[in-house]
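Residue numbers (the numbering used here), protein chains in the order written: chain Z, 1215 to 1463; chain L, 1215 to 1463; chain W, 1215 to 1463; chain R, 1286 to 1543; chain H, 1286 to 1543; chain E, 1286 to 1543.
Quick caveat, the hints were computed from the structure, so don't treat them as lab data. Built from N, CA and C at the ideal position, the CB exists for glycine as well.
DEER-style ranges, computed between Cβ atoms: (1) L/1392 with H/1527: 18 to 24 angstroms; (2) E/1311 with W/1439: 29 to 35 angstroms; (3) H/1405 with L/1341: 50 to 56 angstroms.
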Amino acid sequence: MMDEVIKDFDREKKEMKLIDENGKRIDGRSAEELRPVKMKVGVLNRADGSAYIEWGKNKVVAAVYGPREAQPRHIQNPLKGIVQARYNMVSFSVTDRKRPGPDRRSIEISKIISEALEAAVITESFPRTTIDVSMEVLQADAGTRCAGLTAASLALADAGVPMKDLVVACAAGKVDGQVVLDLLKEEDNYGQADLPVAIMPKSEEVVLLQMDGHLTQEEFDRALSMAIEGCKKLYEMQKEALKMSVGGE
Amino acid sequence: MMDEVIKDFDREKKEMKLIDENGKRIDGRSAEELRPVKMKVGVLNRADGSAYIEWGKNKVVAAVYGPREAQPRHIQNPLKGIVQARYNMVSFSVTDRKRPGPDRRSIEISKIISEALEAAVITESFPRTTIDVSMEVLQADAGTRCAGLTAASLALADAGVPMKDLVVACAAGKVDGQVVLDLLKEEDNYGQADLPVAIMPKSEEVVLLQMDGHLTQEEFDRALSMAIEGCKKLYEMQKEALKMSVGGE
Amino acid sequence: MMDEVIKDFDREKKEMKLIDENGKRIDGRSAEELRPVKMKVGVLNRADGSAYIEWGKNKVVAAVYGPREAQPRHIQNPLKGIVQARYNMVSFSVTDRKRPGPDRRSIEISKIISEALEAAVITESFPRTTIDVSMEVLQADAGTRCAGLTAASLALADAGVPMKDLVVACAAGKVDGQVVLDLLKEEDNYGQADLPVAIMPKSEEVVLLQMDGHLTQEEFDRALSMAIEGCKKLYEMQKEALKMSVGGE
Amino acid sequence: MDIMSLVNKDFIKARLKEGKRIDGRGFDDVRDLEITTGLIGTAEGSALVRLGNTRILVGVKLAVDKPFPDTPDEGILITNAELRPAASPTFEQGPPNPEAIEFARVVDRGIREGQTIDLKKLCIAEGEKVWVVFLDIHVLDYDGNLFDAGNYGAVSALLTAKVPEHEGRESFDMPVLHTPVSCTFAKIDSSLLLDPGLEEEGVADARLTIVFDEEKNLRAMQKGLDGSFKRDEIKELMDRASRKSEEIRKIIDQKVKL
Amino acid sequence: MDIMSLVNKDFIKARLKEGKRIDGRGFDDVRDLEITTGLIGTAEGSALVRLGNTRILVGVKLAVDKPFPDTPDEGILITNAELRPAASPTFEQGPPNPEAIEFARVVDRGIREGQTIDLKKLCIAEGEKVWVVFLDIHVLDYDGNLFDAGNYGAVSALLTAKVPEHEGRESFDMPVLHTPVSCTFAKIDSSLLLDPGLEEEGVADARLTIVFDEEKNLRAMQKGLDGSFKRDEIKELMDRASRKSEEIRKIIDQKVKL
Amino acid sequence: MDIMSLVNKDFIKARLKEGKRIDGRGFDDVRDLEITTGLIGTAEGSALVRLGNTRILVGVKLAVDKPFPDTPDEGILITNAELRPAASPTFEQGPPNPEAIEFARVVDRGIREGQTIDLKKLCIAEGEKVWVVFLDIHVLDYDGNLFDAGNYGAVSALLTAKVPEHEGRESFDMPVLHTPVSCTFAKIDSSLLLDPGLEEEGVADARLTIVFDEEKNLRAMQKGLDGSFKRDEIKELMDRASRKSEEIRKIIDQKVKL
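Looking at chain Z on its own, in the form it has when it is part of the complex:
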């Protein structure tokens, strides 16, 4: 538990200039610019569906197994399938080695990602089953839950799981008093707020939303809009990646 607290404390405001006089961020981006993102579908052999995403320095692989019979039986829902997402940070994905196994942070993230995916998956089509979604963060640099969720929805599509829509996630936040898109690690650590958002892009309905930090209502509105715009850009990349996987390999 201490480990998590340490991370939370990292957020503490330190003296560090994150946006320069020209409005450029420490990696040269403008306020509304995403980090470079690459996505690839169908990267694993055993899984029923899979995807890999590189998002700035984040590297995440997602794998889907199922729908398959839920075990033990008493967890089965006779009316619909269950989406069981597991977000995991690999021990060497962070600067200070993380002890293997779930911690409180990853349990919470797994829960809200499961819920976000369940919003999109047509679970009524396969009662009594489970769809297991693994997200393995191989290298982390802030924004891993958004990267994981975005890859997970690609892996679901790759597995042929029926969905109302893809799910796509992106964060906005506040850094040096300014609302910006897609925080990287230093911005997350020394910034003032983080707002991860996931939507189903066709309807723009929000399926994941968290916030911590310090935002006025106006800043929140701006950040939410910015995050949704980011999601839409990522959605185009998702569609492209899915097209490549059908056409390509």
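For this one, chain Z is given, so just place chains L, W, R, H and E on it according to the hints.
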């Protein structure tokens, strides 16, 4: 495990006068006097039965769920129901915060309280079921197992569980070389013996009995008598509390 | 995990003469000599089969329960029985007290001993069952897995479990640059290699084989031959012990 | 929470179509809120919260420990929640499950990001010794909307907590900077209900928790469940939460001062 | 312990009505008691106890650690019991269950409250370093009445244990002040039987363990199972335990000196 | 590993009788082996290994800690393996099971006994501070023969790892003494197959892992599964492993230098 040992060591005799020249104890009680006790039945909304007890500085709430089908099935007894009592000290109920979750002490207490309650509950009336009894110690000051058990039996009555009799518990012990009733924390820590006793008051049969410390056989006889007399007084309060719950709320 | 690592590090070469100018080892043995071994079958009352072995300073008791229905059901194999061996070091069996419960070392040893015993047991004779084999190391002095496995196969025979053959185990290793049989603790700690081997003696087929340290191929050949010769001597003692148990008690 | 809905789902929804909640409340009505502080003498601060029939006991314990290396001059906050089997037939014995962990972390986020505690004032000796604040949330009776009840209890317990005397340094009041207040809404079909009760939670599609401080700054949010929110729904809830959190803060202030 | 009674319950009870135990013992007869000490060279003290067919191995290990803050000048006693699957078809692999924990704690209570060890003599440097005594009870073969066998083994292992040499301080005998001896009775219908065997335990209504020291002082008690005792039954067992514990102490003393 | 054989057992065996493996490989042919190092910037060393369709990512992390008392002048190696559910439908969430533990320990044994790392050079201050090397093996895609893939990844990650700068001491390359290389064979009936694939593993009777260093010294072995080996089979595998490990070492050297 170390935590428990620390507590056990607290018992070590220290230089501390616990009974004055007039036979008064540090809270002004005489040797055979109980601490002030208040009981209330039906204090919780969700539970099938509940009770709250304040006993000196002890504050304990008991909740009963059941009889309900025992899960998993292999624990079911086809001939009778099972009483599963869980004694728990809330983390902030003691001076030094207690780590949440069961420790060896609470596991032992839960076991002997389960057995004491099973002696009274007519378990043959509901085979294959479990009756779950929770005791939550919100504030502790010695004698919590007696307070918990006394409240638990009220909660069982409140839930309408058929019983041969109520169960009521009280401790006696030895302090400054004298046998006294109902030890408070300092007496328990610096006294010479503790003897928690529970009876079914109608028959005076003993359903829980523990002792640790240092007693002659004569002192034991005296302490046992004193504890049973204490139980009888508490039994009157139990009946009163049950009457209030029917008449009152 | 640190505990295991500490033990592994014990192996580090220290300055210590383990074989003298006359080729005698620190307990006076020659290179190809076993430590004194005593075996006794049928030493426990409750178990279906049992055996006790003293091997040098090692003291190990083995107990067998089963074949009995495998629980939970989903582990049942409809075609054959399962051998579940559990190797356990008692907390006071080593110089520095071992925390009770399985560690990574004992889990690995339990796995390979289970596999070695399954090679000999005619598991096809009792589908859906489990045969539980416990090895309790009461005192340890290097070679406990071999002692445990040798005793376990006697306990299986004592329980009347049908087997193609007994299993018998013995280690060879390298000490002061020399290949020797049956390492004792100092030789294991300060030697250069350890090679535990188990065979079914009639066919001389190898059912367990591990090696760590540093051996040329020629040394390996010598060590393997030596270990198998050791196994054969122990096999004679096993047969004697089984004869005693039928004739004797 | 995986609760069997106690009343019929259709019944709740039919009533909502008529604009009515099953207990007669308006969509923005909070159930009766009672807060009693200082009941637990063994805790450095405590608050018993009754929100409808949901009852939660929050205790604050302090201990001295080393600071984290990256914040050598700040105290430490650790939040834990126990959903004990006494509080509900659906709560099971065992270590905190994902529901309990999310609950603890959402309450923690409000308190931490709301800068409720002035952690700098909990430094005893920089880099050496600081106060650790254990915020333990114990659910006594579960009748829906733990998140808000937990927040109200945590804030109330902290507002009335004392930092104990330590090595000659006198006891002092817990240094509180802000009072973040949580508002949780359930979405059922298209109805958005503040402070959902147990039956409403059981049929809810989605949940949104919004935490505002007394300067009308947003401090924490958490969306839950497998439904979704439209953007204008979020905007609406933001406004409603901003307004209601002020009302609730007044209730807390009043109760805590009594 | 959740044991299938190996012989018929009715049979045991019918015999008891005639005043007979199934193995022919009198109600106050202890089964054959054999104690062998010093078998385990890796332990600082050890005792193998055979009580009928129950067999228990107790080991004493010592380690140096910090004292507890409230007893800076005293050693530390830690008792653990393992009911390993080798000892009974009903014992399962895994961490100690409530039966094993009660067993360890009842043995511990007798040893601790009986002031068996002079813990003051296990202080190496006040507030800095003391000896920790690990008392580990390993059940080899379970045929009833673990509590007494555990007590006899613990006392015997301690009586023969050595505190090892440490930083120039020579090895010395474990400082033993008292020898508390445990007597456990099973109640079956109205019969009260000392040292119940496995079959008797399987049908017992209640259990009472009484620990006396050599000065006839009571040191620990534990009632178990879901039956009850009448007051005069407790009085009777107190007298019987007081008498029998002296006899058993003589056996222990004799075995330990051999 | 408890895997459902994906192709028919009889089919595999029938092909083997004709001297053919199902994927057409010769008995001593290793599947395509690709190794990419340095992919993980947060690790001090890393290697992604692709052995056929088996894919493993190995990371090396360094941390400063106290040395073990009996090796005060040496660094510490800790190896861990995670068989994550993403990699196979048969891998389950939870702490490492016996399969994962055996896997980690066999890889560890090869690296440790092969004296891959010069642990003396990882001492910072004797008896005070040394480097701890965490070797973490993460299975991404499981298609058979984890043991060899794990070994190749571990060696490659260590060969390319950097010990970070620490308190003024400059960063330096991981001090590597030897490159132990593992060869694992499956026995199916009387066929002995190097680098078994998933289907072959699923029907194998026995498994033998042999680790040779670059001086043709044997460093570690592990036999697995419930079958057995004849002595001449072991001798044969020893020769084959000795030869093949050299070939594979060349591949590793080449990949790592790229």
